[in-house]
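*Asks:* Now for the letters of each chain:
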Amino acid sequence: MRPIAAVTGLLVLAVLWFGAGPVRAQSTFIFGAQGEPVDLDPAIITDGISSRITRQIYEGLTKYKGATTEVVPALAEKWTVSPDGTVWTFTLRKNVKFHDGTPLDAAAVVWNFERWRFTKHPQHENQLKAGKTFEYYEAQFGGFDDKSLITKVEAVNPTTVRVTLKAPQGPFLANLAMFVFDMVSPTAAEKYGTALSKNPVGTGPFRFVEWKVGQEVILEANKDYWDRANGPKLQRVVIRNIKDSSQRLAALKAGEIHGMEGVNPDDVKVVRADPNLQIILRPTNTTGYVAFNYRVKELQDRRVRQAIAHAINKKGIVDALYGGTGMVAKQFQPPPLWGYKKDLKDFEYSPPRARELLKEAGFPQGLKEITWEDGRKEPLTFWYMPVSRPYYPNPKEIAEALAADLAKAGIGVQLQTTDWAVYLDKRKNGQLPLYMLGWTGDNGDPDNFLCYFFCNPGASREGFYSNPSLAEILLQAQKLTDQAKRAELYRKAEQMIHDDVARIFIANNQPPLAFLKKVKGYVANPTSSEYFHTVSLQ
Amino acid sequence: MGQYAIKRFLTIIPVLLGVSLIVFSFIHLIPGDPAVAMLGERATPQRVAEVRAQLGLDRPLSTQYLIYIGKILRGDFGASILRGDPVLRDLVRRFPATVELAGAAILIAILVGVPMGIVSAVWRNSLFDGGSRLMALTGVSMPIFWLGLMLAWFFGVVLRWLPTGFRLGTDVTLVPVTNFYILDSLLTRNPDALRSSLRHLILPALALSTIPTAVIARMTRASLLEVLSQDYIRTAESKGLPQTIVILRHAMRNALLPVLTVTGLQVGRLLAGAILTETIFSWPGIGLWIYESIQARDYPIVQGATLFIATIFVMVNLVTDLLYAAVDPRITYD
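Chains as they are written, first to last, in this note's numbering: chain V, 1 to 538; chain D, 1001 to 1334.
Hints listed in this document are in silico derivations from the structure and should not be mistaken for laboratory results.
Even for Gly, the Cβ is constructed at its ideal location relative to N, Cα and C.
Treat the hints with care, as some may be off.
[Said to hold, decoys possible] Stretch by stretch, here's where chain V covers chain D in the computed footprint (C-beta under 8 angstroms, at least three residues):
{"hint": "1", "segment": "1088-1099"}
{"hint": "2", "segment": "1145-1157"}
{"hint": "3", "segment": "1162-1172"}
[What the hints assert, rightly or not] Facing chain V, a subset of chain D residues (Cβ under 10 angstroms, in silico):
{"hint": "4", "residue": "Val1036"}
{"hint": "5", "residue": "Gln1046"}
{"hint": "6", "residue": "Ala1079"}
{"hint": "7", "residue": "Thr1279"}
{"hint": "8", "residue": "Ser1282"}
Model the full assembly from the supplied sequences, consistent with the hints where possible.
*Replies:* Listed below in structure tokens is the structure:
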């Protein structure tokens, strides 16, 4: 039949025409992100997808070194702090220019601080009107205007900036290394207003080219980058929005992208088995825990909490449910943090020991029912989150494993979950008797893990747990600037939390990234703040 | 006919009002505080209050609905919670991608489905008929996301013939004019972009076309079989007309009416199917946008896009009905 011949002919032609495309320039690095950036103004974003991009364009006064949370100089070459820890003097690098050619000098740095700090600053107020907030400034520096911990920022001379604080803040330099506090070009910000979010101008190794909405963001090498020795090795960077994780992996296997984030736990093995691909694990910065409600009478008894700790087979859970990227957690801080207590001895997994402790606490028949302080009795409910988080990639399966472990020790729980917003709400109001949650660090400082949870004794959000001496140590550590002294206090705090079984830490996770083998020099940072200028393609 | 068109047009008003009511209530059906739901685990009370005020959640429901309708009528679909961008602007920007995809899919469906149905009907119960009916059944029942992944895997990863997703390669630059990439490539005389955008279109369009192809093939077959058993066909055949003329000129004319109707209905289903297809192939249209916004709990976008798609669906049905009347002069409307 003639039509069939015609169709076949057309198909052959099509294949010939469509066949292999042009050879892609070797110096374009294409990264598959899990979604579209929210905004490219570093000061108002809070998400990792946006910050991965802004980190290539912008830089701050300080930064995290390589794969660690150690703070090292970036735009500030060096700094000093007054003995009382309230006055920081930064010396800026000379001859650094924004991508628009304007200088990064003390005036520009002061301008940035003022934009964050003052709600009446024109480039702050316009963001508020557009429904955006400088959320992280508020979180890290106590608030805006009069509430701000930072009270004065002055340009001493073109390369010196002096920052005065109301009170000393231990994590100050770590805070400044966060992507939020990267410096934007004041000229560009004034020119674009809120549209700075789509026209970012910084000092970083890559400059912004284009944001194709829904598709990709394109960057190119900044030829005038100040750090000649460590300039970008790539000509172009394309960050593509690939929502579906299977498609992201397919695109990687097809060689259409060079690297990706958000590998499914089940796919880690697949990638490891592929000779063209490699897995890079991000050093962990996230801890999943089980928390108690201290208005439940049974859980007020430390022996009961110890029994629960001994009943849980953490290693079993990590081995079975984290796709080979998890680690057993024995304290709140993940191991890369400098306040981590290496020699802390974890509760041994021992169902008989758990039964023994329950018996001592007066529950020889095990524990199935709880009594609230107001006398209400109800079956012991164990709440698990309805959504996957880095610390609990598959909460339901993990909850089932936890429940099975507890049952072996005579603790019978009913599993329950609810909508995520309701879950967070109930947790905030102290309505969950026993629940799963976790934390991912923001700035690599131990304070960010510990103080958020334990500095307000009796808070409903933390199940009314009250340990004033723990809070005192944490608040003391927050005010010191000497890292060695702070580390000692955080180690002490971890021991106190452990001894009191304030909560049980289950696992740290190391989120996997996948790359083609020819990608070299990608260094994954615990805070997800990595710089693509170290990346090259071979 | 003119009067019918007006009457038929008026019926869409209550339909759209109903849709708007459902879309409006979305936000109130979420358990818990919608503002908390959107902002997540680190929401500050201040930000929650701001979002509540922005969404007008502090007013009575009826007032909220009236305000909502008033804004919609003025073309104000609200702004994204996440990005602050006006919903309508992004809708307009993203819609061409979806139309391009759905258009390609419906084109494939007609080009494959109608001939398949005709051949099946003419050689009824032959091997081809059996095979094509089996394929149609498979096409209707196969989950798009599975098919999409298989297509991407086979043609993208194994054979490396076609890209696994996206609208354009990173090695091509195209200056968007209309945001219909194929059209833009032609307008700007950019053969590289034309080639790249066509290559990118094939797999998603194929995945999206399976269900409509199957439905159209089945409908063509059934409807043609019915027509072929009628007297006037027998007359035509006994006159000694060649079979191709009998079928294409005499039978198909009548058999096409129901096919037209289902094709119209398929357009609506295509828009729904586009959510999955666009997500699997990272196709930056409205479907992917809805999916992302549901995940980010960006309700103004979900509301706006749903209302928009519902309106398109209603409009397409209206056009189909009017076409139906135009194609078949025997049909009269009271």
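*Asks:* All hints, please: hold or fail.
*Replies:* Each hint tested on the structure:
Requiring three or more residues with a Cβ within less than 8 angstroms of a Cβ of chain V, the coverage given for the segment 1088-1099 of chain D holds, as 4 such residues are present. For a cut-off of 8 angstroms, the count of residues in the segment 1145-1157 of chain D with a CB near a CB of chain V stands at 5, and the three-residue condition holds. Counting residues of the segment 1162-1172 of chain D whose C-beta sits closer than 8 angstroms to any C-beta of chain V gives 10, which meets the bar of three, so the coverage hint holds. A cut of 10 angstroms between beta carbons decides the hint on D:Val1036: the least distance to chain V is about 5 angstroms, and the hint holds.
Residue-level restraint check for D:Gln1046 holds (minimum Cβ-Cβ distance to chain V is 8 angstroms; threshold 10 angstroms). For the restraint placing D:Ala1079 at the interface with chain V, the shortest Cβ-Cβ distance is roughly 7 angstroms, inside the 10 angstroms limit, so the hint holds. Interface restraint check: D:Thr1279 against chain V, minimum CB-CB distance 5 angstroms, threshold 10 angstroms, status holds. The criterion of a C-beta within 10 angstroms of any C-beta in chain V is met by D:Ser1282, whose closest approach is roughly 5 angstroms, and the hint holds.
In this structure, none of the earlier numbered hints is contradicted; all agree with it.
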